[in-house]
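Novice: Protein chains in written order, with our numbering: chain A, 1 to 101; chain B, 1 to 101.
Errors might be hidden in some of the hints.
[What the hints assert, rightly or not] To spell it out: a stretch of chain A is covered by chain B in this simulated footprint if at least three of its residues, at any positions, have a beta carbon under 8 Å from a beta carbon of chain B; those stretches are:
id: 1; stretch: 38–50
id: 2; stretch: 54–60
id: 3; stretch: 83–97
If you're looking for bench data, these hints aren't it; they were derived computationally from the structure. All C-beta atoms, glycine included, are put in the ideal place defined by N, C-alpha and C.
2 protein chains.
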Amino acid sequence: MIKLSVMYPKTDNLKFDIDYYRESHIPMMWGLIGGALKGLSIDRAVTGPDLPAPYAVVANLLFESVETMQAALAEHGAALTSDIPNYTNVQPVIQVSETSW
Amino acid sequence: MIKLSVMYPKTDNLKFDIDYYRESHIPMMWGLIGGALKGLSIDRAVTGPDLPAPYAVVANLLFESVETMQAALAEHGAALTSDIPNYTNVQPVIQVSETSW
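Pulled out of the complex, with its shape left as it was, chain A reads as follows (with noise of 0.2 Å):
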């Protein structure tokens, strides 16, 4: 299975809304690209002392290949992109990994 995190960086002066980001972001995304999906997670970092956390938020989405993933990027990844200011000011780091062994 292939993951793709979006994993957003938490810079001394990060802007995220997370309402927006939960109640358009995700269902837009879901909408464009969710029948590709193999599953989707978010992750919130915790804060607190001795915890640490570069990354506000993560997002974990899951495809069957490489090449689903890439498809439905090429299709959907600008319209994606292009709502990312709308809530956050901050570019997400991109990872892409293959999570079974």
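The hints should help you fit chain B onto chain A, whose structure is shown.
Specialist: Frame of chain A; chain B shown alone:
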């Protein structure tokens, strides 16, 4: 659920002995703190054109709560950390997240 992500940066001169990691480090980790784990997944970077991956390997450890995670690490974290140089020349980046919302 709490996710502890242990992320190994893909540096230019990275050394990572995946066999040792798989056959010695993960079993040792499981033996020490497996009783506190609710799940474990290991991600390995996919490499290729247009496939970004700042981390070579990411281990995701699931715990019931921050308290159970911290108790496990207080007891066994030093032993786990001291094993790192046996398989890699990088220090992992640590992320603590809440995985559902």
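Novice: So, for every hint listed, does it hold in this structure?
Specialist: The hints, checked one at a time:
1. 38–50: This one holds; 8 residues, not fewer than the three required, reach chain B with a Cβ under 8 Å.
2. 54–60: That given contact holds, which follows from 3 residues of the stretch 54–60 of chain A lying within Cβ reach (below 8 Å) of chain B.
3. 83–97: holds (count 5)
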